[in-house]
Amino acid sequence: MTSTQAEIEVSYDVSNDFFRLWLDEAMHYTSGSYLTGDETLEQAQIQKSEILADYAEVTPDSFVLDIGCGWGSNLEFLATRRSVKRARGITLSTEQCNYIHERGVPGVEAVVCDYALHEPEEPYDALVSIEMIDHLCSPAQATKGMAVELYRKYFEKTASWVKPGACFGFQAILRNRVPRSRKDLEDLAFTADVIFPGGLNPRLEELVQAVNPYWEVLELRTQRESYGKTTAEWLRRMTLHEAEIREKFGDQVFDDYDRYLSTCVRAFERHWSSDVQMKLRKIG
Amino acid sequence: MIMNRAQLLELFKKTAAEIAEKDFASVSEDSVIASMGVDSLAMLEVVGEMERELTIQIPDDQLVGLETVRQLLDMLEKRVSA
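Those protein sequences? They're chains Z and A, same order as listed.
Each residue of the first sequence is one higher than the one before, starting from 93 at the first, in this note's numbering.
Each residue of the second sequence is one higher than the one before, starting from 63 at the first, in this note's numbering.
Treat the hints as calculated values from the structure; they're not laboratory data.
Don't take every hint at face value.
Said to hold, decoys possible - The list that follows gives simulated cross-link-like pairs (lysine-lysine, DSSO-like), each with its CA atoms no further than 30 Å apart:
| no. | chain 1 | residue 1 | chain 2 | residue 2 |
| --- | --- | --- | --- | --- |
| 1 | Z | K249 | Z | K340 |
| 2 | A | K140 | A | K76 |
| 3 | Z | K177 | Z | K340 |
| 4 | A | K75 | A | K140 |
| 5 | A | K84 | Z | K275 |
| 6 | A | K140 | Z | K236 |
| 7 | A | K140 | Z | K275 |
| 8 | Z | K249 | Z | K177 |
| 9 | Z | K275 | A | K75 |
| 10 | Z | K236 | Z | K255 |
| 11 | Z | K255 | Z | K245 |
| 12 | Z | K177 | Z | K236 |
| 13 | A | K76 | Z | K275 |
| 14 | Z | K245 | Z | K374 |
| 15 | Z | K236 | Z | K340 |
With the hints as constraints, model all of the structure from the sequences given.
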């Protein structure tokens, strides 16, 4: 069971205008890839999409699926910077789907759909998914030891959608070391319960275990520091708009997101969390 | 910091007492952690304090399924002597 549609809408449907105030202009709500450390957030987000498109071996003629496509920033990247003629996204968020259609990027379409129910009319040439797997397993399911099984079902399903030998540019937030202070643990629990209900970040070893036997891991890179920089920049930009956010969206929204983003910055700095990108190739 | 078994038990009792604000004088190696009235967050804080005191780091997966003080001390002793 993934995060429910209601849970996803808690996470992403506060208001598109709210997120527009502090995300980059293309609205990537996932880690950018800072390769030198001196890039802007916008550059880091493009570099992230470049890495994943390269991992997926995307060409202009590829029929590409973005699983958990957010506000369509990566789809737009594929269509405009990689000249992909057919890029489709699936999301559980109605607001995000509407936003993508409003963008009206030629060659891009989005569908509100649970990945588990998605059945393409023809096989995809390439897949991209950016931090969607973090919604697949709830904390309660992880406690019952179901994480690897749930992730494996996802990798089995996604492999069934593509042509033999197709590649997958995959990115996920990881959980790593458990903090040892009550305040830190409560802040992380707040993030899980209030900002991303129903979600839990996987551990790296769970993902590596779960891709087998459907996908081969060809490349793997972690980018903990990139996510630290990304969340720090989100926090900085949101704080610049504090008065506006409090007025338009209420004190609770600002206070909740301030706590969430501050916790994220600490989480990446202190190794409680990380981020991984993998190049996967379908076996068989 | 090198400690023997008895010292480790005393350190555990002292640390747990400070964090949970309870008296654990009667706690022994056979005590069941869940019955000490220490919740899981407090237990992680206790482990964190002991890691700092002993200058060791315990892998998170080894904390899963700990039931008795003896099991915790076994794990600490291995790390301290490693």
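Hint by hint, here is what the structure shows:
no.: 1; hint: K249(Z) / K340(Z); verdict: 41 Å, violated
no.: 2; hint: K140(A) / K76(A); verdict: 20 Å, holds
no.: 3; hint: K177(Z) / K340(Z); verdict: 38 Å, violated
no.: 4; hint: K75(A) / K140(A); verdict: 19 Å, holds
no.: 5; hint: K84(A) / K275(Z); verdict: 20 Å, holds
no.: 6; hint: K140(A) / K236(Z); verdict: 28 Å, holds
no.: 7; hint: K140(A) / K275(Z); verdict: 29 Å, holds
no.: 8; hint: K249(Z) / K177(Z); verdict: 24 Å, holds
no.: 9; hint: K275(Z) / K75(A); verdict: 22 Å, holds
no.: 10; hint: K236(Z) / K255(Z); verdict: 34 Å, violated
no.: 11; hint: K255(Z) / K245(Z); verdict: 18 Å, holds
no.: 12; hint: K177(Z) / K236(Z); verdict: 43 Å, violated
no.: 13; hint: K76(A) / K275(Z); verdict: 21 Å, holds
no.: 14; hint: K245(Z) / K374(Z); verdict: 14 Å, holds
no.: 15; hint: K236(Z) / K340(Z); verdict: 41 Å, violated
The earlier numbered hints that this structure contradicts are 1, 3, 10, 12 and 15.
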